[in-house]
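Use these hints to put chain B onto chain A, whose structure you have.
Chain residues, written in single-letter form:
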Amino acid sequence: MSTLHTVNKSSYDRNTLETCVSLTTKGSEVILIEDGVYSAVKAGNKASVIANAMGDVNFYVLGPDIKARGLSEDQLIDGIKVVGYSDFVELSVKNDTVSSWL
Amino acid sequence: MSEIKKFCYLNRTAPYGTVYAWESLEVVLIGAAFDQDCSLVFVDDGVYQLLKGQDTTDLGIKNFSPTYSALGDYDIKKIYVEKESLEARGLTVDDLQHLVWEDEDDDWAERDSIILVTKNELAKVIDEQDVVLSF
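Residue numbers (the working numbering), protein chains in the order written: chain A, 57 to 158; chain B, 485 to 619.
Bound-form chain A, shown alone:
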C-alpha cells in the first residue's frame, strides 16, 4: 500500500509534521500544502524533521502556496520537489490512499 500524506500546518506552530513523518513507512510520500510549506525552509530549525526522513520518504511542496507566502524555491531544503496543482492531483491518484493530517 502506498500513501500520500498531506500536511497543512506550520511545524513551528504544531507538531503535525513530526507525527506524520514518524508514522510514515518507506516509500511514503508527503506533500506540504497551505501553512505546511513553512516547514520546508532550509534555514529553519525544524528543517531536520524533513532532512532526516528524506532517504525513505519523498517530499513535495505545493508551489502556489510557497509563492503566496513570499517564500522562494531557493530557500527550500534540497531534494524537496516543488509541484503544481495538477501534479498534486496525479500524486493523489497514483497512491492507493491519501491521508490528510489536520
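Hints should not be assumed to be uniformly reliable.
Listed next, the in silico SDA-like pairs over lysine to any residue satisfying Cα-Cα at most 25 Å (straight line) [unchecked claim]:
1. K123(A) / F491(B)
2. K567(B) / D69(A)
3. K567(B) / F491(B)
4. K546(B) / P120(A)
Facing chain A, a subset of chain B residues (Cβ under 8 Å, in silico) [as the list claims (entries may be wrong)]:
5. A498
6. G501
7. L535
8. K536
9. Q538
10. D539
11. T540
12. D542
13. L543
14. G574
15. D578
16. A607
Hints listed in this document are in silico derivations from the structure and should not be mistaken for laboratory results. Every residue, glycine too, gets a C-beta built ideally from N, C-alpha and C.
Just chain B now, with coordinates in the frame of chain A:
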C-alpha cells in the same frame, strides 16, 4: 478623546492558513482612527505576515500584505518583531517588508517602523500596555 491608552495588537498566526492575520489588520485599521497609542507585535508564526514578495494570484485569494505598508499613514510607528521567532524560522529582518512612517517634525523624513526586539525586550513592551489584543 479624553484619555489616550496604549493598545497592543499581538499577532501569532501565519497569514493565509487562518483568518486571524487579516482580522487583526482590519481591527488595527479601525482602531487607528481613534487616535490611540498603537503598537503591533509579531511573534511566533506571526512573523510570516510581514514576509515580502507575497503573491496569492494562484490561490485566488486576496494578498493583503501590501496593506502593512499603509500603517505608517495611520500613525502606527511601532511594529515590534521578535528576533527569536525570526531566527527559529531561518529568517532575517531583510526577508521582511521595509515598513516606514514619516516624521512630521523632521521634514517628513522616513523612519523605520519595524523594531527588532529580543524576547526579554518584548516582555517589557507588553507589560507597559493598557490593552493587549491577541490574534
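Results for each hint:
{"no.": "1", "hint": "K123(A) / F491(B)", "result": "33 Å, violated"}
{"no.": "2", "hint": "K567(B) / D69(A)", "result": "17 Å, holds"}
{"no.": "3", "hint": "K567(B) / F491(B)", "result": "21 Å, holds"}
{"no.": "4", "hint": "K546(B) / P120(A)", "result": "13 Å, holds"}
{"no.": "5", "hint": "A498", "result": "5 Å, holds"}
{"no.": "6", "hint": "G501", "result": "4 Å, holds"}
{"no.": "7", "hint": "L535", "result": "3 Å, holds"}
{"no.": "8", "hint": "K536", "result": "6 Å, holds"}
{"no.": "9", "hint": "Q538", "result": "4 Å, holds"}
{"no.": "10", "hint": "D539", "result": "5 Å, holds"}
{"no.": "11", "hint": "T540", "result": "4 Å, holds"}
{"no.": "12", "hint": "D542", "result": "3 Å, holds"}
{"no.": "13", "hint": "L543", "result": "5 Å, holds"}
{"no.": "14", "hint": "G574", "result": "3 Å, holds"}
{"no.": "15", "hint": "D578", "result": "12 Å, violated"}
{"no.": "16", "hint": "A607", "result": "20 Å, violated"}
In terms of the numbered hints stated before, the structure departs from hints 1, 15, 16, listed from lowest to highest.
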